[in-house]
Structures are given as C-alpha cells and as structure tokens.
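Enquirer: On the provided structure of chain A, position chain S with the ligands as indicated by the hints.
Here the protein sequences line up with chains A and S, keeping their order.
For the first sequence, position 27 (counting from the first letter as 1) is numbered 27 according to the working numbering, and the numbering increases by one without interruption.
For the second sequence, position 67 (counting from the first letter as 1) is numbered 67 according to the working numbering, and the numbering increases by one without interruption.
What you were told as hints is all true, and nothing was included just to trick you.
Chain A stretches covered by chain S per the calculated footprint, using a threshold of three residues with CB under 8 angstroms from any CB of chain S: (1) 3-16; (2) 312-318; (3) 321-331; (4) 394-404.
Residues of chain S placed beyond 12 angstroms of chain A at every Cβ, according to the derived structure: (5) I2; (6) T27; (7) P39; (8) V67; (9) S68; (10) A70; (11) E120; (12) E183; (13) E202.
What the hints contain is simulated information worked out from the structure, not anything from laboratory work.
Ideal Cβ positions, reconstructed from N, Cα and C, are used throughout, including at glycine.
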Amino acid sequence: MRTFDLFSESCRALTINKIRSGLTMLGIVIGIASVITMISIGQGAQTMIQSSIEGLGSNLLTVMPGVIQPGRGIVSSGRGAAQTLKNSDIEALKGIPGVAAVSPESSRRFQIVASTGQNTNSTVIGVLPAYEHVRSVFSEQGSFVADAHNRSMSRVAVLGPTVAQDLFGDANPIDKTVRINKVNFKVIGVLKAKGTAGFFNPDDTVFVPLSTMQKILAGADFLSLIALSVEDKDQMPRVQEDAHITLAQEHGTSLESPDFSIVSQADILGALTQITVVFTLFLASIAGISLLVGGIGIMNMMLTTVTERTREIGLRKAIGARNRDIIAQFLLESVLLTVIGGLIGVAIGIAAALVVRVGFNIAAEVSLFSILLAGGVSTTIGVLFGFYPAWRAARLNPIEALRYE
Amino acid sequence: MIELRSITKTYGESKNVVTVLQEVTCTIADGEFVAIMGPSGSGKSTLMHIIGLLDSPTCGEYILDGVSVASRSGDDLARIRNEKIGFIFQAFNLLPRATVLRNVMLPLIYGTRDSGSRLERAQVALRAAGLGEERWQNRSNQLSGGQMQRVAVARALVTDPAVLLADEPTGNLDTATGDVVLESFQALHDQGNHTIVLITHEQYVAEHAARIISIRDGRIVEDKKNGHRRAVRSITPAVSV
Ligand SMILES: Nc1ncnc2c1ncn2[C@@H]1O[C@H](COP(=O)(O)OP(=O)(O)O)[C@@H](O)[C@H]1O
Ligand SMILES: [Mg+2]
Numbered sequence: 001m002r003t004f005d006l007f008s009e010s011c012r013a014l015t016i017n018k019i020r021s022g023l024t025m026l027g028i029v030i031g032i033a034s035v036i037t038m039i040s041i042g043q044g045a046q047t048m049i050q051s052s053i054e055g056l057g058s059n060l061l062t063v064m065p066g067v068i069q070p071g072r073g074i075v076s077s078g079r080g081a082a083q084t085l086k087n088s089d090i091e092a093l094k095g096i097p098g099v100a101a102v103s104p105e106s107s108r109r110f111q112i113v114a115s116t117g118q119n120t121n122s123t124v125i126g127v128l129p130a131y132e133h134v135r136s137v138f139s140e141q142g143s144f145v146a147d148a149h150n151r152s153m154s155r156v157a158v159l160g161p162t163v164a165q166d167l168f169g170d171a172n173p174i175d176k177t178v179r180i181n182k183v184n185f186k187v188i189g190v191l192k193a194k195g196t197a198g199f200f201n202p203d204d205t206v207f208v209p210l211s212t213m214q215k216i217l218a219g220a221d222f223l224s225l226i227a228l229s230v231e232d233k234d235q236m237p238r239v240q241e242d243a244h245i246t247l248a249q250e251h252g253t254s255l256e257s258p259d260f261s262i263v264s265q266a267d268i269l270g271a272l273t274q275i276t277v278v279f280t281l282f283l284a285s286i287a288g289i290s291l292l293v294g295g296i297g298i299m300n301m302m303l304t305t306v307t308e309r310t311r312e313i314g315l316r317k318a319i320g321a322r323n324r325d326i327i328a329q330f331l332l333e334s335v336l337l338t339v340i341g342g343l344i345g346v347a348i349g350i351a352a353a354l355v356v357r358v359g360f361n362i363a364a365e366v367s368l369f370s371i372l373l374a375g376g377v378s379t380t381i382g383v384l385f386g387f388y389p390a391w392r393a394a395r396l397n398p399i400e401a402l403r404y405e
Numbered sequence: 001m002i003e004l005r006s007i008t009k010t011y012g013e014s015k016n017v018v019t020v021l022q023e024v025t026c027t028i029a030d031g032e033f034v035a036i037m038g039p040s041g042s043g044k045s046t047l048m049h050i051i052g053l054l055d056s057p058t059c060g061e062y063i064l065d066g067v068s069v070a071s072r073s074g075d076d077l078a079r080i081r082n083e084k085i086g087f088i089f090q091a092f093n094l095l096p097r098a099t100v101l102r103n104v105m106l107p108l109i110y111g112t113r114d115s116g117s118r119l120e121r122a123q124v125a126l127r128a129a130g131l132g133e134e135r136w137q138n139r140s141n142q143l144s145g146g147q148m149q150r151v152a153v154a155r156a157l158v159t160d161p162a163v164l165l166a167d168e169p170t171g172n173l174d175t176a177t178g179d180v181v182l183e184s185f186q187a188l189h190d191q192g193n194h195t196i197v198l199i200t201h202e203q204y205v206a207e208h209a210a211r212i213i214s215i216r217d218g219r220i221v222e223d224k225k226n227g228h229r230r231a232v233r234s235i236t237p238a239v240s241v
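One chain only, chain A, in its complex shape (with noise of 0.2 angstroms):
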C-alpha cells in the first residue's frame, strides 16, 4: 500500500464522523496546551528568579544570623530573629585578603509618612556607602547615603524609587520631609527602579546611616545580614571558607556549630531552582493527566471506530488487505488524531504563555524543548494507545467480519 493511499484512506475515514474525531481530538488538545502553559510558567518563574538573584550583586557572599539547616532550605533559617550578627564582625571580615568590600544591614518595616500626609509601610535599611557598590544599585537623583551621615548619625533618608512614588507622587522628593517610626528623616536621594526580584521588592525600600537605625530606630546594635563582595569569583570558596572561620573565633564558637551561616548566590540560586523544578514539575505531571485522559479518549474512540466497521475491515481483507495494512491504517487515524489535535493544542499553549505573560506579569516562556516535547508525546500516545485498537481490527477473521451485522 502506497504511503499516499494511506493516508487518504484515514483522512477519509477521520472525515466521516468530523464531531466524534473533533471531540476525540479536543482531549488531546487540552492535555497538550496545558502541558506547554505550564512547562512555560514553570520556566519563566525560573528565569525570574535566576536573574532578580543575579540581580543582587555579583560576587556576592551573605552571612546570616543563626543557623541554616540543610535540607530545609535557605528560606527558613533555624532561628530567624537570632542576633549574633554585630558591629564589631564588619572589621574582622574587612581582614580577610580576597574582600572587596563588607556591606551590614539592619532592617525593620516601618510606617513612613510623608509630609505630603501620604503614607506607606515598607523595609527601611540601615547601611554604610558601601551598600551602594556591593548591591549595585544606582542613584536617579540626589545621593546616596555617605560616611560622614554614619559618624554624625544624621537623620537622612534615601528612597526606593517605589516609596518615592507612593509618598510624593511626580512631585520632587529631594530636600522633602518623611516621618519615620515618628521621627523626621530629610530625603537626599531617591534610587533608581531594579524591578520585582519575585517575593521580594528591592524598590520597596528606604535607606539611612546605620548607625542612624541601630541608635535611633532599632535602638540595638544587631545586624539583619552582613552582604560581603569578594574580587574574584575564582575566590569566593576560599573567601566563604576564611568568613567562617573568622566569624567563628569572633564569636567564641566551633566551626561545627556556629550561630551564624554564610550563603553564596550559587547556593541561593541552587535552592531556589530545585524548588521552581519541583513547581514546574508538579505543574506539568498535572497537565500530564489531562493528556493521559485524552489518550483513553482515542482509544475508546477507535475501538468502536474498529466494531463499527467490522464489515469494511472483513471487506478490505478479501480484496487484498494485508494485516499490516490494516494496523497501518488504524495507527495512522489515531496518529493523525493526536498529531493534529497537539499542533492545535501547541498553537494554544503559546497563546495561552502570551495571556499569562501580559496579564500576570509572569515571564512565562515557551521553550522549543516544550513544543518538541509535546510533539513526540502526542504521537507516542496515538501510537501507544491507537496500536491495541488496529491490532484488534488486523485480528478479524474476514469471514465472520463479512458476516458481521
């Protein structure tokens, strides 16, 4: 048999009942456009966080109070509110050879209002100049905040462009007044826009002297995080190693059990990526189910597709049919089925990725791996599932097929 003949032999036979083949392929359309939608949102939420990390600085290094255990995750740190980090590690860590330059921080939430009378409630950071290289954030206008506000504990304040917005609007917030905690803060700076790292907003945020939040705000000397820049990449192990051997003798602990953790973007990086594989993952296997359903709906098809022609199978065979050419022509309807029906279901995942990108601000992403994917599992499932049905109708004795009413 003629590959041609074949095939329009099937898309005839597809033709004949075109609601039943269109249902029938409508399953398979469903289960393969959710798989592309949610490979893409699974691997867009990927990329976002990969690069909002990347965003945060390079080279970058940061200790955390208390302990990180292994196996849950950086996310939730033994005693999160521990406060082992102080004022006296920042010198110790500015020793080791390899640091390019050692950043603390001492955050809090705050009400902020403005003298505009608006108000927002967002992360307000205490930093030394240093903040501004080793997180590599920028200035959009006025400056940022400098040594001399440390050592004179000034109430100054400069503004995530996010806050800027919220508390004045478009008018210039430079010069301005903002109440922090009930306290006057002059503006001097507001920062350039980073855009949404994921969970966290790093325009969400306002800056003053440290000293000016651990004296004035805080009123304890704690450290939230120390973020250490180290020069060479090709040091960051050795200099991670020197940091906790450091920050051990510091602090008057072993080496096994310190009060502190110190975390590389790549282990960041790392946890969070096996978390968005097991998110995808998980995603997909459930769109997974909705192909395997539309699978069983094709096979249902074709076994009464195969019982309602038992005649013209019987037919088919005196006048010459091999087995083969009937399995041939069976595999080939349910193939066809199934092919068709992932193209149209393919064509809808895009759309579907394009939907979720412009509406949810997710960067859903579809990937040529998707749609390949996709393609060789809706041919193996009109195969996997096609090839019992032909098999059945190939099986038929012509005779009693011939007979069949």
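Expert: Just chain S with the ligands, lined up with the frame of chain A:
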C-alpha cells in the same frame, strides 16, 4: 485452474464436531462459468470462502494454478486474493459514504503491480458492469440495490482477476434487476477471460451457468454440463436498476 482434492471442513472440537464440507473433489478450468447450487446451510459459502482463500480446509488439498495454497503465508494469500480473485457478495459490502468510483478503485490501492491509471481502469470496469456514467460520482448509499450490485461487480472486475466468485449475488435483488446482473456474468463469460463461480440456492439462477454443481449437506451430489443455458429473459427498457 481450480483443483479441489478431498476438501473437508469441520467446525468445533471432539464431541461437537460439525462437518460442513465432506471430501469435496472437483476441477474448474480457466474460463468456465460454474454454478454451485444447494439449499441453505449446505456449505456453499464455506466452499466459496475456501476457493477464495479467505478460509482454509481442515483436510484435503487446494491447488490454484498448479500451486498448493496450504504453504502460502497470510501476506501471500492476501496478494493472490488481490490479483487473482474478485468477490461479489449478497450484501454488496460497499463503503457507504464513498463514491462509486472510489469503491471501485479500492482493490487497486492494495495491489503491488503498477496498474496504469486507476481511474481509467475503474471506468472500464464500471462500463463492463453496465452502470451509467451519471452515477459514478454518487455516494454508494444513494444507489438502488441493482446499481449497488453493479458497483460490486465493477469492483470485482477492476483488478482483471482470473476468478470471479459471486455468493448469492441476486439474493437481495428482485428478479428483473437480478437478471441484469446475471446477464452481465454471461457477457463476461462470453469474452472468455474470467472463470466465474456463481453460488445460489435457486435452480433458476443456476441455469444461467454453463455447468451446475449441486451440493447437499457438504457433499457434491451432481456435476453436469448445462447444455441449454438459460438466456436472460427479455431485458425490457422498463427495468430500472
Ligand atoms: N464458524 C462456524 N462455526 C460453526 N458452524 C458454522 C460456522 N460457519 C458456518 N457454519 C455452519 O456450516 C454450515 C454451512 O454454512 P454455509 O457454508 O454458510 O452454508 P450456505 O452458504 O450453503 O447456506 C451451516 O450449517 C452453518 O451453521
Ligand atoms: Mg451462504
């Protein structure tokens, strides 16, 4: 040339054995027009299925054109059916949604020989079966019974087979339209290119053939030449097919 040697066909096992054909021996030469006649249940269809390679005998030997078919594989048998045998069934067995032309061309898609233009062959076969050209694009379920059987005859002729096997071809037709089909068999026989085996339970139908083999309870009871072959009763223009 069809040679049947002691063909026996049984169904069922041990105690419930039903013998449908018993020691059937006969030879049908190329170009003969034979009727196999017998009452219902006498084993005619079973015999035709064996001759047509759709079924195999329990015992005995079937030699088609000098070669025993017992040794052939399923694929071989399918190819021989396609090339050498044309079937015509009582129930027509057309594809109902397909056009007349597509029904007639169907055997050609399973052929291995390059058969020239399929459309031309189908047209030749339809003319030989006597179906008017104005019907060729109709779907087969839009035709009358007589027209459907002509399509079935054309489908059997399209591969130009050596043997035509017709199982009660007039069984679903009234006498007048049945006569038209029988007449087309006689015309084919007169051309001399086909062996025709016509299966029927009616004496009247059998008398159109040149030789009549009578079968009863799976045995051949009579095998005679039909010297004064019945001519088809006048074909009046009033006959609608
Ligand atoms: N698959 C089968 N199993 C058992 N008996 C069968 C089978 N096929 C046919 N028969 C029996 O064989 C006998 C002959 O059948 P058939 O060849 O169709 O007769 P005819 O065509 O002469 O009417 C019948 O009695 C029928 O019941
Ligand atoms: Mg019969």
